[in-house]
Structure formats: structure tokens, C-alpha cells
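Student: In order, the protein sequences belong to chains A and B.
Using my numbering, the letters of the first sequence correspond one by one to residues 1 to 110.
Using my numbering, the letters of the second sequence correspond one by one to residues 1 to 115.
Because the hints were derived from the structure by calculation, they are not lab data.
Certain hints may be false.
Unchecked claim - Straight-line C-alpha distance at most 20 angstroms; calculated EDC-like pairs for lysine to aspartate or glutamate: (1) A:Lys26 - B:Asp59; (2) A:Lys56 - B:Asp73; (3) A:Lys56 - A:Asp66; (4) A:Lys56 - A:Asp83; (5) A:Lys56 - A:Asp18; (6) A:Lys97 - B:Asp73; (7) B:Lys11 - B:Asp38; (8) A:Lys97 - B:Glu79.
This is what each chain is made of:
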Amino acid sequence: SQWGEENLQALSIQEGEDVTMNCSYKTYTTVVHWYRQDSGRGPALIILIRSNEREKRSGRLRATLDTSSQSSSLSITAAQCEDTAVYFCATRPGGYKVVFGSGTRLLVSP
Amino acid sequence: EAAVTQSPRNKVTVTGGNVTLSCRQTNSHNYMYWYRQDTGHGLRLIHYSYGAGNLQIGDVPDGYKATRTTQEDFFLLLELASPSQTSLYFCASSGPGLGETETLYFGSGTRLTVL
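With the rest of the complex left out, here is chain B (with noise of 0.2 angstroms):
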């Protein structure tokens, strides 16, 4: 089973807070993802990469920097944290090409409140 390890699994920050938000993926995976849920809605794209070194701008960018450290870590930074990034995040992996290895593997999430 692939393994996914997202922490702090909880967050407070007051606003204009910095906050780091860390996953770690086992699985050789090549792929990984940062999303973010809201109450009552689905899953929106933050930030992607393909490997250590690598970022690619998601459908919900703004307010967020990231970082893919090396394969299996990627970070999810804010910097001045606002009340509207309260959310869910999640972090998920995911190997290349056709198949089984399409699957996104997801963390448990992280619960970010700013205040």
C-alpha cells in the first residue's frame, strides 16, 4: 500500500502567520500534489511537481509558494497566512505513465485554521 505522510495533522496560526505544512511520500512516486478542501466543496489544485527541484502552478496559487526538497518530500508554504486559507490540505503522490501507478495516493490531511 502506497504511503503518504502528511504533519502537522493540525495548525493554528493568526493571521499574517508563517506556516510550513510537510509531506513525505515512499512510494518512488514521481508525481506529487497539494490540494486544498473546503466545507462543502471538492478539491481544488494548489501547487504540483514532477520531481526534487520542480514546480508547477496549480488552479488556486495565490497566497502559496512550494517546494519538492528531493522525491519524496514536498512543502507547502504560506507566508502570511489569511483567515480564507482556512482549510483542509491535502498532499498525494501518484507514479507516471498508464495503469496502476495513474492513481493519486492521498495523506491523511492537514487542518489549518488562521485566525
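So that you can see chain A by itself, here it is in the shape it has in the complex (with noise of 0.2 angstroms):
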């Protein structure tokens, strides 16, 4: 799982084949983001997953919330090559500030 100041995992997958990314988290939030970054470009959020929710989909994503144990998790189903990117999460510990977990770099090969 990510966070912070560890190394970018890495993951490699076939196209076809579910996938699930975790997170977890140091401190306290009300909110999950997680967000996905292409080659050269900047992050830009996928799914977001409030306290209040423990699972939140949308299209081929699914995130989940687990705030007892701070862990929260990415799943894309039937993973496609265009999947292939960098993907972290990120909280929001108190106020607007929003700190990153260290991600996890996905390759999809064909």
C-alpha cells in the first residue's frame, strides 16, 4: 500500500485482468480522493469516496472506505492498456490542506 515518503509502487497486469490499488492513511479525514497521473502530465482526480461511504463506483472503478482501519482502495475492473498511469490517493487531514500517498505506478500490457 502507499503513503507518504516511500518509493512509487509498481504493478504490472494483463489487459482483462481486475486490479486493486490500497491506501493508507496516517491521520484523520473525511474524505478519500484519488486521483490518476499520465506521463508528463499532471495529476486529475478519477473518484472521490467520502467518510460516510464505504464503497463508491463509477464505470470500471471502484473505491472503498474503511475509516476503523484509515485504509481506503482503487479497483479497476477488466483493466485496459489506456489504464496504464500513476494513481494516488489523498486526504484531507484538517482544513483544505490535501497531502498524497506515494502511489502506485500501473503498466497494462496488451
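Both chains are given apart, each in its own frame, so use the hints to dock them into the complex.
Tutor: Below, the structure written as C-alpha cells:
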């Protein structure tokens, strides 16, 4: 799983497989954002899940949030080559401060 | 689509040099952020702001100053640049409150090299 100062994790899968990325956060948050970063670009939000939601779906994406264990996950169903990117979780530990996990580099091969 | 523009895209300076990175957002967002991203790592928060004249310290502020001159403009200043500040810098903005306004919108980044 990812957080803060750790190195970027790497996952490599085949097209059509399902994949899950995990995020363990250190401080209380009311929301977990998941961002995707394509090569050479800034991150872009792909899904957001609040503390009163256990699961959120958007197309082939599914995010979960367990506030008791301070962890979130992002799953991609039937991954495609265009899902190749770096994925980050981010939280709001207080006010409008937003901090990011260390990220997962996902490579989807044909 | 929310717009955040960073300049320059690339910058090379020498150790001890003076560098200013610029960020402008035209989203009418209250909040702006500066992050650095080192190769193989995530984004680390340097400074952030909730409006003109406001500045909040992030997690890695040493060696950086920032100034929010207007709602639109947020600058990151490196007054005595060091090689350890070689990195990719991102600016982001977001609105207040719940819903989509919590989304951070990022610029394309400035790659800074300190020789």
C-alpha cells in the first residue's frame, strides 16, 4: 500500500485482469480522493469517496473506504492498456490541506 | 474545464540562484497549492493558501517561500536554490466546500534543475 515518503509502488498486469491498489492513511480524514497521473501531466481526479460511504463506483472503477482501519482501495475491473498510469490517493487531514500517498505505477500490457 | 497555468515549463539554474515559479488559475478557486514531485515518489506539499495574502506551511517548506498576490496568482520562490530542490513542481487549485469543488485541478508542472 502507499503513503507519503515511501517509493512509488509498481504493478504490472495483463489487459482484461482486475487490479486493486491500496492506500493506508495516517490521520483522520473525511474524504479520500483518488487521482490518476499520465506521463508528463499533472494528476487528475478520477473518484472521490467520503467517510459516510463504504463504496463508490464510477464505470470500471470502484473505491472503498474503511475509516476504522484508515485505509482505502481503488479497483479497476477488466483493465485496459489505457489504464496505464500512476495512481495516487489523497486525504484532507485538516481544513483544506491535501496530502498525497506515494502512488502506484500501474502497467497494463496487451 | 478548470484551468491552471504554470510558468515556466522548464527552468535551469545554478546553486545559489534565485528562482520564481508562477501559477495562475482562472477557476475563481479560493485554495491554491504548491507540490513537488521527485522521480519515483509522490507529491509532497510545500505551501498552500486560501486567498490573497494568506499563506500556510506545508510538509516540506524548508528553502521555499510563497506568495499569493491575488486570488488568481500564487508564486513559489527559491531564493538560494540548491541541487536538492531539483524536482518537478506542480501547482493546483480547488474551491471550498463539498462535492466537485473539493477536486484539485493541477497545472502541467515546472521542471526545475539546479546545477
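Student: Given the hint that lysine 56 of chain A pairs with aspartate 18 of chain A, test it: the Cα-Cα distance must not exceed 20 angstroms.
Tutor: holds (17 angstroms)
Student: Between lysine 56 of chain A and aspartate 73 of chain B, does the CA-CA distance stay at or below 20 angstroms?
Tutor: violated (34 angstroms)
Student: Taking 20 angstroms as the top limit, are the C-alpha atoms of lysine 26 of chain A and aspartate 59 of chain B close enough?
Tutor: holds (14 angstroms)
Student: Would you mind confirming whether the straight-line C-alpha gap from lysine 97 of chain A to glutamate 79 of chain B stays at or under 20 angstroms?
Tutor: violated (25 angstroms)
Student: Lysine 56 of chain A and aspartate 83 of chain A were given as a pair; does the straight-line alpha-carbon distance stay at or below 20 angstroms?
Tutor: holds (18 angstroms)
Student: Hey, lysine 56 of chain A versus aspartate 66 of chain A, does the alpha-carbon distance stay inside 20 angstroms?
Tutor: holds (12 angstroms)
Student: Does lysine 11 of chain B pair with aspartate 38 of chain B here, judged by a C-alpha cut-off of 20 angstroms?
Tutor: Within the cut-off at roughly 15 angstroms; holds.
Student: Lysine 97 of chain A and aspartate 73 of chain B: Cα distance at most 20 angstroms?
Tutor: Holds, at roughly 18 angstroms.
When the structure is compared with the earlier hints, violations turn up for hints 2 and 8 and for no others.
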